[in-house]
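S.K.: Using the hints provided, position chains B and C relative to the given structure of chain A.
Protein chains in written order, with the working numbering: chain A, 208 to 513; chain B, 13 to 338; chain C, 492 to 876.
The reader is advised that the hints may include incorrect statements.
[What the hints assert, rightly or not] Derived EDC-like pairs: lysine to aspartate or glutamate, alpha-carbon spacing no greater than 20 Å straight-line: (1) K747/C / E334/A; (2) K164/B / E614/C; (3) K164/B / E618/C; (4) K164/B / D822/C.
It should be emphasised that the hints constitute simulated quantities derived from the structure, not laboratory data.
So the chains spell out like this:
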Amino acid sequence: MPVSLVLEQLLNGLQFGLMLFLLSAGLTLVLGMMDVVNLAQGSLYMLGAYFAATLAAATGSFWAGLVGAVLATALVALLLEASVLRRVYGADHLTQVLATFALILVFNEAVRALWGPQALLLSVPPELARPVTLLPGLSYSAYRLTVIGAGALLAVGMFLFIHRTRVGMWVRAGASNRRMAQAMGVPIRRVFTGVFVTGAALSAVAGALLGPIFAVQVGMGEDVLILAFVAIVIGGIGSVKGSLVGSLLVGVVDTAGRAFLPSAFGLLFAPEVASNLGPTVASVLIYLLMAVVLFVRPRGLFPVHG
Amino acid sequence: MRARDLSVEQARRAGVALPRAFVLWGAGSVAGLVLLAFPALAQALEWSYYLSLATKALILVLAASALNLVLGYGGLVSFGHATYYGLGAYTVAVLAREGVRQAWLVWPAAVAVAALAALAIGAVCLRTRGLYFIMITLAFAQMVYYFVVSFKQYGGQDGLRAPRTDFGLPLGDAEVYYLSLLLVAASLFFLWRLVHARFGRALQAARDNEVRATTVGFPVYRIQLVAFVISGALTGLAGALMAHHTQYVSPAMLSWPQSGHFMFMVILGGVGRFWAGLLGAGAMVLIEELFHSLTVSWQLYVGLTLLAVVLLAPRGLAGLVEGRRR
Amino acid sequence: MVVVLASSLLVSGMAGGQARTLRVGFVSTLSGGGAALGQDVLDAFQLAVRHLGGRLGGLPVEVLTADDQLNPDVARAAVERFLRRDRVDLVTGIIFSNVLLAVGDLVFSSGVFYISPNAGPSEYAGEQCNLHFLNVAWQNDNMHEAMGHYATLKNYETAFILAPNYPAGRDALAGFKRFYKGRVVSEVYTRLGQLDYSAEIAQIRAARPRAVYAFYPGAMGVNFIKQYAEAGLMQQVQLLVPGFSADADVIRAVGKPMVGVFNSSHWALELFNPINRRFVEDFRRSYGRIPTLYAAQGYDTALAIDHGLRAVAGDLGRKAEFRKAILSGFDSTRGRVRFSKNGYPIQDYYLRQVVELPNGEIVNRLRGTIFRNHGDAYVEKCRLP
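Next up, chain A with everything else stripped away, as it sits in the complex (with noise of 0.2 Å):
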């Protein structure tokens, strides 16, 4: 197997996984902080795309509609947080599985409403669709490589804000033990406003970031969500680390399961049971490494203890 494919599909695997990791970094610390499951997440996503579309039609310029997505899906957390999510907060999680599961129903109809049930257009900016050689016979697609690039400077930049500043201390303290942080004097409440807004806005980016690449339409952010909550319940529930870790796993190793275990199931079975058998397992790989993970730590890979 020439190592350039090989090369190309870790990098394909890192992109997906850091993309993943923005949507999964919200989900997580609102998880953490305030116990709250939201499955909204992946409307907002749904709508960070949606607006970046739009936006980046209005305007002519995918950054603009990056930029304006972004501030417009914080807005819509903003309302939403005070108008429904603040509601459910300390009650059980199946409460909140379901109020948020009705906030998909509800999102998804409105964007029907307002977009028409037709996929919209959200383009790779001119001056990144082309591919750029990375090694002699590996080039890579040039927005891709943004992308990659974007995903992990928010990744560090996360680092740094929660581990080097005042507010990202009040964010570690409200994960572990918020009634603990509550009577240090920690402004919980407004703490947790700004993570979720935060976390909205982190999912927006990824929504506009992967529209060009996905299609941007209804019902978009269902199956991007699942293997989001994958992502963090190997991680460990509110560790922002574990969320990465998760979210980089997931992202490689269904690339990689994809890419290389149907011609290894070949190698070792008949031809008709490898090819029936590759591609189930490769899609079952994740769910697979998810209960192996819990069965061997069963609060994921950094348990957040309090």
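M.R.: Just chains B and C now, kept in the frame of chain A:
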């Protein structure tokens, strides 16, 4: 676990006066009579559609009540009960495809397959708690889903026809209705005895305070696993019934939205109340009936109804009924 | 509960009392990822009914709609409602084959016709063919066969073929291979509903085939083609797709990178006949978008029903005559369409290519004919007369 005579003890413990029990029994008998006479009524009035709807509602009552055992009484939020439902249904269809249609073989097989799956999955999942449990049950459900979809000889994504099993006499729609009624009533009776027996109290004790339940000496893991297997087996029975009702099985029966659907019914009914499955499934069927004409924007209405239930009546319909009475 | 049941009975009872209204049960995918397809068929069906003066075969029409949510169980419940409660005269609308296979026997056993605007599973073309089933679109394998034949004509020696890992995907690639005489270098099945195809695209790049054939309906197609273009493969390896993966809805979502893609179809925007001209113009005017082949099929479904009903003077009880009238041919957006005994069309399949017009508009242009009077591979197994 020892099942004890409950009705008296139950009444004493709850401090409820006996007349209320009489009222309940009276209402129950009337409802029972209506349920028994329904097929004849439906035939007289050419209501074949409503007979089918009633059968479906009965089957969903069983599935939701089975989920309520782990979700409500056990506090274990399983996001993968569609697996057992689908496996029960697929057992019927696959055996029929292989030429096995004897009822005495097929029905136990359907329940056994679901129970074994619940045993294997539960044994792993019950090591985790909270959201981890939700996600790992979902993970197994997804694995089973993709596994079934990839079987071309059993229809894959297209699903599979499921001819009704052979009881020695032909099963018509009315017979399937009565079969469902019988099995659902028997299952509900069994569940009632179970949750009011020592076993049920241990299960609830583990839900309310696991550490204490362990200290008191309850084998928490084993109790929860048994509850999980019973729940899976009954859900499998519901699946087998559904396969008989629709004479068709599809991978959608194994999908995660189906699991969510069951959860929704239980929550709508009132988590952890015994009649949650009955009220929730009944209300669900009615809601679908009401909203079906609003096809294009059904999502909006169902979504708003859900939000209203969660925000305004978090204890579900059973909670509303109880609240009114107090 | 009783009130609800009683009132809905009352409604259906009243509607039943009106004389001679044709009730059409239209069940289709109207929410989720496949919603755009169902909406196209529904909009076009209703446009045709309007063009025919609100009547089909002289009878006033009432169209009842239901969303199948791409879920066979939901579809079954909806169809049961149509048949047993609303007592519809005809059922139509389904997009996806797995949904149709779930409800087919229910409709047929009630003695009601199902006129398919899209789904054309091989089951109903062969041994399970049914008097009550007609498909005005195409048998599932046809478009893939046409593209396989085209790849052979163009002497593409090697091809890389992909589809989702489910029966329709496997059938599609089987259809392609049935007419492709070159060498298949790799046959890849991906997870149903997969979003990211970068791993597969990297494999294509490494395999260096002459052509790629990809069967990805709905949103999967948009994703695959977008990523294929974005990887810069559009200029290197010829991409071949079935017609529905290169239609107006996909073009709208992918944009300029799609220019150059070849695809097969039984219909094209610029087919020159008065019915098609009127359909295309009025569809654009009424709904503000370019019609897809799904829309054309929805429009033709109404025309076929109209044609059949005229032959029996609006009496659907005369089943054999109704069926025979449609089978012997009706005038559609594709000109006159004839049928095999199994109820599937015998028609021409065209080659189309996505091109950019001088005014910047991107459309799918007719490039030639691949098959003339092409039927399906299963008709021999059908025992209908």
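S.K.: Evaluate each hint against the coordinates.
M.R.: Results for each hint:
For the given pair, K747/C sits about 15 Å from E334/A by alpha-carbon distance, which is consistent with the 20 Å threshold. Proposed proximity of K164/B and E614/C is supported: the alpha carbons are some 14 Å apart, at most 20 Å. Our distance criterion of 20 Å between C-alpha atoms is met by K164/B and E618/C, whose separation comes to about 18 Å. Distance restraint check for K164/B and D822/C: the Cα-Cα separation of roughly 38 Å exceeds the 20 Å cut-off, and the hinted pair is therefore not satisfied.
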